[in-house]
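Position 90, counted from 1, in the sequence shown is what the working numbering calls 90; the numbers after and before it change by one each time, with no gaps.
Do not take every clue at face value.
As the list claims (entries may be wrong) - Here are the in silico distance ranges between beta carbons for each label pair:
{"id": "1", "residue 1": "346", "residue 2": "506", "range": "36 to 44 Å"}
{"id": "2", "residue 1": "173", "residue 2": "509", "range": "49 to 57 Å"}
{"id": "3", "residue 1": "481", "residue 2": "523", "range": "41 to 49 Å"}
Since the hints were derived computationally from the structure, they do not count as laboratory data. For glycine and all other residues, C-beta sits at the position ideal for the given N, C-alpha and C.
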Amino acid sequence: MVLRWCVFFLIFGVSVIHAQKPNIIIIMADDMGFNDVGFHGSDEIPTPNIDALAYNGVILNTHYTQSACSPSRAAFLTGKYPIHTGMQHTVILESEPWGLPLNETLMPQLLKQNGYVTHAVGKWHLGFFKKEYTPIFRGFDTHYGYYLMFHDYYTHMTKADYANDTGYDFRRNLDVDWDAKGKYSTTLFTNEAVKLIREHDTNNSMFLYLAHIAPHTANEADPLQAPDEEVAKFAHIKDPKRRVYAAMVSMLDQSVGTVIEALQEKQMLQNSVILFLSDNGPTKYGSSYPLKGIKYSSWEGGNRNLAAIWSPLIQKSQRVSNRLMHISDWLPTFYSIAGLNKTQIPNIDGQDMWESISEDKESPRTEMLYNIDDVTTGWEAWGAIRQGDWKYIYGSTGNEKDSWYGNDGKRPEYSYDINQILTSKTAAAFAGLITYQQIKMESTKEGKELKIIDKNDIEMLRMQATVRCGPFNFEDQPEENKCNLKSPCLFNIKEDPCERVNLASARPDILKNLETLLLDYRKNMVPALNKPRDPRSNPIYWNNTWTYWQDYDQVVGSRVINNTIINSTVINSTVINSNKPISTINIIIIILSSIMILFMIFGLSKLADTEENRRERKEQKRKTKALLSNNNYF
1 MVLRWCVFFL
11 IFGVSVIHAQ
21 KPNIIIIMAD
31 DMGFNDVGFH
41 GSDEIPTPNI
51 DALAYNGVIL
61 NTHYTQSACS
71 PSRAAFLTGK
81 YPIHTGMQHT
91 VILESEPWGL
101 PLNETLMPQL
111 LKQNGYVTHA
121 VGKWHLGFFK
131 KEYTPIFRGF
141 DTHYGYYLMF
151 HDYYTHMTKA
161 DYANDTGYDF
171 RRNLDVDWDA
181 KGKYSTTLFT
191 NEAVKLIREH
201 DTNNSMFLYL
211 AHIAPHTANE
221 ADPLQAPDEE
231 VAKFAHIKDP
241 KRRVYAAMVS
251 MLDQSVGTVI
261 EALQEKQMLQ
271 NSVILFLSDN
281 GPTKYGSSYP
291 LKGIKYSSWE
301 GGNRNLAAIW
311 SPLIQKSQRV
321 SNRLMHISDW
331 LPTFYSIAGL
341 NKTQIPNIDG
351 QDMWESISED
361 KESPRTEMLY
371 NIDDVTTGWE
381 AWGAIRQGDW
391 KYIYGSTGNE
401 KDSWYGNDGK
411 RPEYSYDINQ
421 ILTSKTAAAF
431 AGLITYQQIK
441 MESTKEGKEL
451 KIIDKNDIEM
461 LRMQATVRCG
471 PFNFEDQPEE
481 NKCNLKSPCL
491 FNIKEDPCER
501 VNLASARPDI
511 LKNLETLLLD
521 YRKNMVPALN
531 KPRDPRSNPI
541 YWNNTWTYWQ
551 DYDQVVGSRV
561 INNTIINSTV
571 INSTVINSNK
581 PISTINIIII
591 ILSSIMILFM
601 IFGLSKLADT
611 EENRRERKEQ
621 KRKTKALLSN
631 NNYF
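Take these sequences, add in the hints, and give me the full structure.
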């Protein structure tokens, strides 16, 4: 009877002794909002696979990241706050020659040193202007994906954010993968992850970093992209842009289920840790409801982001954790899970959270730096810090980000179907693991009796994970309780997670303490590494691809006017980053450029020749005149 119904059940957790280090599987969403999943209370976008993982594992309800892509990924892979790596100011733009410093040893490098096979699939966004900054040189055995912040989901072309430079951005290791063109990115990344799992030698432990593009926007001209048949499933969403966004999230959710299914089929699930998280808050198309702010902001909506972890190694699962956690904590936490020597990772900001996650013990983290950004290009200098329940904030990243976005996802036409969760691919994979464990327990008499989750448990967990702030009228608030950021603001995040009541004037003592704490962090921060754009990066000079342009000296005969390269010739572009022959257009450009140079040389020589002849004729006239004047002509 239990086995017949097990497809509807999620496991509680299994105490198993593994001689082999656990597989570490990271599934990172890009710009996904706090309320863009079902387990946080929204009925708008069904995410049955992500929800199944969350309810069966531990929902990390106060998990913080940085507010933008490059800083978050840097913190995740180094275990350090961005102010300690120079990554604190916004993101790496396409043509900017900088990246995560090479003197930083990254998570994949450390895990590889300890016997892990390491794979990166999807987004990188930590620098590519030189090869040594790319994933293959930073500890990953393989990389399949792209270097920049986004690309078109089908063509994989990326148009520069603040310029017209446009190029192809899709790689297999160091080679441009032209075969990916025309295929949907989320599907490509899912298929690659499944392929890696199926081909994995299970005598080794796997570290898989699956960094999806979804639901990040594509190029500005066509920012939201999903298959038409997927968009059609969301007719209940009236806003057409939000409808496509929902389809992008749905494709991501299906990816989660497919990857977990592959792990079960390979019999890797019973010794795996699976983390699902978003790198930062959403753009205006996503929903951070009811939190304030979005991506790039210092508010909770930009930094408090969805995360859930599942593993049979977790002792107390099926719960919601409200213990403070930061994205930099994952490096020491994975070290702890794998039983590795943490003296290998000194001088990091991250804390080992494994006992807090697995056993529901107190978090070792009592304070957290959101960021300090003193660069004022594009916005004001800003900083924020949290200690205990209190948050101190100053400065702004832009008025459009200093507000509330999204809705509660509750409408009469919406519904939350728990059966979708219990019959999802994720749930089925977990059910398969139940069967595996039951057989093992019967044969070895080892392990823990499994606890089955039901609909009532799911409803209770969902209620606990939903953030509620209630009705509020700003007009009724006294001026001192409003935060206009002309001076620092103070919030009690536990009591006021939506940051609506500024308590700076009511609690000057706490304000002063946090201000002092922030100054202490400032003493050890390093300058931001951002560099001006380099026009030599333009894909037009590199076979229409984005590549590690500073590794080559191929653009010659150039002059730079207003940051634009003109009168240039590209030499041997076929040997750069691609096995695809140079295009016909580029061949014509090179031929025409060569002809122009020859004409210039010929023209100059003719000019010199004409001047010489002119001098000779003038001298001849002088001699003739002299002869005539002396009557020597006759």
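Going through the hints against the structure:
1. 346 <-> 506: 36 to 44 Å: holds, 41 Å
2. 173 <-> 509: 49 to 57 Å: holds, 56 Å
3. 481 <-> 523: 41 to 49 Å: violated, 32 Å
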